[in-house]
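Number of protein chains: 2
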Amino acid sequence: MTTVHVDTPGGRYPINIEAGRLDRLAEAIPHDATSIALVSNPTVAAHYKARAQDALGRSGKRVIYIELPDGESYKDWQTLNLIFDGLLQNRCDRKAVLVALGGGVIGDMVGFAAASYMRGIRFVQVPTTLLAQVDSSVGGKTAINHPLGKNMIGAFYQPIAVEIDTDVLKTLPAREISAGLAEVIKYGCIIDAQFFDWCEQNVAALRALDRDAVTYAIQRSCELKAHVVSQDERESGLRAILNFGHTFGHAIEAGLGFGEWLHGEAVGCGMAQAAELSVLVAGLDEASARRVHSLVHAIGCPVTPPNLGTEHWIELMQVDKKTEGGTLRFIMLPEIGKAVFQSAPMDELRQVLHKTAVPVL
Amino acid sequence: MTTVHVDTPGGRYPINIEAGRLDRLAEAIPHDATSIALVSNPTVAAHYKARAQDALGRSGKRVIYIELPDGESYKDWQTLNLIFDGLLQNRCDRKAVLVALGGGVIGDMVGFAAASYMRGIRFVQVPTTLLAQVDSSVGGKTAINHPLGKNMIGAFYQPIAVEIDTDVLKTLPAREISAGLAEVIKYGCIIDAQFFDWCEQNVAALRALDRDAVTYAIQRSCELKAHVVSQDERESGLRAILNFGHTFGHAIEAGLGFGEWLHGEAVGCGMAQAAELSVLVAGLDEASARRVHSLVHAIGCPVTPPNLGTEHWIELMQVDKKTEGGTLRFIMLPEIGKAVFQSAPMDELRQVLHKTAVPVL
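So the protein sequences, as listed, match chains V and B. Everything in the first sequence is counted per my numbering, starting at -6 for the first residue and increasing by one. Everything in the second sequence is counted per my numbering, starting at -6 for the first residue and increasing by one.
Since the hints were derived computationally from the structure, they do not count as laboratory data. This one's a predicted model, so the numbers in the text were calculated from it and none came from an experiment. We treat Cβ as the ideally placed atom computed from N, Cα and C, and that holds for glycine. There may be inaccurate statements among the hints.
Below 30 Å or equal to it, Euclidean Cα-Cα: the simulated BS3-like pairs (lysine-lysine) are [stated by the list, open to error]:
id: 1; chain 1: B; residue 1: Lys348; chain 2: V; residue 2: Lys331
id: 2; chain 1: B; residue 1: Lys348; chain 2: B; residue 2: Lys331
id: 3; chain 1: B; residue 1: Lys331; chain 2: V; residue 2: Lys88
id: 4; chain 1: B; residue 1: Lys348; chain 2: B; residue 2: Lys163
If you want the ones that stay clear, here's a sample from chain B, every Cβ over 12 Å from chain V, calculated [as the list claims (entries may be wrong)]:
id: 5; residue: Asp86
id: 6; residue: Thr135
id: 7; residue: Leu141
id: 8; residue: Tyr150
id: 9; residue: Gln224
id: 10; residue: Arg284
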């Protein structure tokens, strides 16, 4: 088993990575837990609910199960409230432990429910998508969407453990693997040029779910994310670099309607756009921008943004949480493996939005 | 001006107490704030909205106004969402500052909105009821209600300042003054026997809103609460004593429907019940229990609990956040000025619930 530790002001917690981890979930449950509430959705439950319930039951605690509808479009208050209903109907107290079994949507909602139920109870992340394993389950960002913006309502709230079973990726559709790889290559782009090279060389192995390649990609992604988060839990500075590609990506998701593109697909495309903007504004050379573009394409993500109309694009980006006093700011790359956070002049931004509104490959 | 400081792991903030403080609210707004969102309800707004807006405008920042319907029955997600709608429609960013102008309901909702909007923005408490000034605005407990329990969804989240204008109490109904005094005498009961004596001697002056008496009562209450909160922000131990009377009180509020009795009235009555239970379980002498009972009556709060039926009482109390593994636990007084947190045997609890289900005075 590989373990990566995350240090935050609120404490230290492990990310445990191994094949078959799902059967050893009881190890993550503290002795003083009064009950366990397992939360999942029908899609994941069909594959893994029984195994997770059995494994958690070995802790000797009462295990209740709460099912949420599947999909980004349900990442709202109404669905979140199903968790509160389940906890209250089952008289779960402050020492209950929530377990999030699913992808980023389940993890974000269970995390926010844990942050808010009785003003905060403990929770464990058991991410079942590659995207959640390498990104959303680590670092304590939890949220639900608001009709006017993605992830607008939430909390910084850390899990007590992240339990990653690499075997569960086998039941994922190829499209979700590609979406997850977008966040993997992101770490290469912003912080680790060597890892970017490694990703370029191992695209085929990663897409084929070669166990060693996947395990290393998850481990390295978690290490890099843990490194960033431990320095800046609340996104006051450094942590913002993890949002490379996300300002464009969120606009795509909001513009098309949440759930139309997978989050990772939107981020993949957004990274290609942010690389283009970096050429115009941050001094990235064109060859490097092409490498980002090609790698996004190689992992199987779209590189042609949807035509939302330039002014609508800008409007959608202005509700981004990184906006300050109305100025649009972006994570950009002066070179591969290095990120800066700066505002973009409207002319250059319009140039990128206009250029990419038609197919670019 | 009197200032009491609150120290928490998240930082230090002032409680500023003075007559006319409302006109100096700009002092509480940080220089880097991008905008200010003032939140209130129609009842409070009729008296103080214009003054608060003018005062905040003197900071030079944009001030937007968000109005919520008035009352405990609106302390729910739907009303909370009006704050998020207002913030997003006005493009308020992470450096916006929320200002809660109102009683405990406004303070609790604005606090939870601040904790959750974009995963946390700054907020200022401007409590306009005595209860909020001496209790709910201090200490960082924020929450909304759930149909199955009061304050079940929320966060521990500290304001950057609490601004108390003692003059605003003049427009409060007498019933709200009595409800606020319930929390004032609570501090005497649990932590400061001398202050309990002082309250007994100054009941008439407090109910008549004598400026010196009221200022001292607010200051001493805030000092005692700040002392407790600074030692235990997240209610893992000591802080629980602040819930003296609240397990009974919450059951009254839930049993009658939130808003039927004022929170302070329910707590007042609950303290009389908890004192009776303390005689049976915690060694409180009967004379002291009578003093608690008499003082609750003297400040104008009910001492006759509603007849909810003994088993329904117990059911209502079991969803209390202090419950652990199904056992009911209460804050009790071994003597006036001293509190303990312990479980109560069902027989003694039934005795108190049965006894107080009929008028006791």
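How the hints compare with the structure:
A hinted pair counts as satisfied when its Cα atoms are at most 30 Å apart, and Lys348 of chain B with Lys331 of chain V does not qualify at roughly 72 Å. Among the hinted pairs, Lys348 of chain B with Lys331 of chain B is consistent with the structure: their alpha-carbon atoms are about 25 Å apart, no more than 30 Å. Of the pairs offered as hints, the one joining Lys331 of chain B and Lys88 of chain V holds, with about 27 Å between alpha carbons and a cut-off of 30 Å not exceeded. Distance check on the hinted pair: Lys348 of chain B and Lys163 of chain B sit about 37 Å apart at the alpha-carbon level, beyond 30 Å; violated.
For Asp86 of chain B, the requirement that its beta carbon stay farther than 12 Å from each beta carbon of chain V is not met, with the minimum near 5 Å. Once the 12 Å rule is applied to beta carbons, Thr135 of chain B is inconsistent with being away from chain V; the minimum gap is 8 Å. Not every CB of chain V is more than 12 Å from the CB of Leu141 of chain B (nearest about 4 Å), against its label as outside the interface. Not every CB of chain V lies more than 12 Å from the CB of Tyr150 of chain B, the least distance being 9 Å, so the non-interface label is violated.
Its beta-carbon lying about 17 Å from the closest one in chain V, Gln224 of chain B satisfies the requirement of being farther than 12 Å from that chain. With a least beta-carbon separation of about 33 Å from chain V, Arg284 of chain B lies farther than 12 Å from that chain, consistent with its non-interface assignment.
Of the numbered hints listed earlier, those contradicted by the structure are 1, 4, 5, 6, 7, 8.
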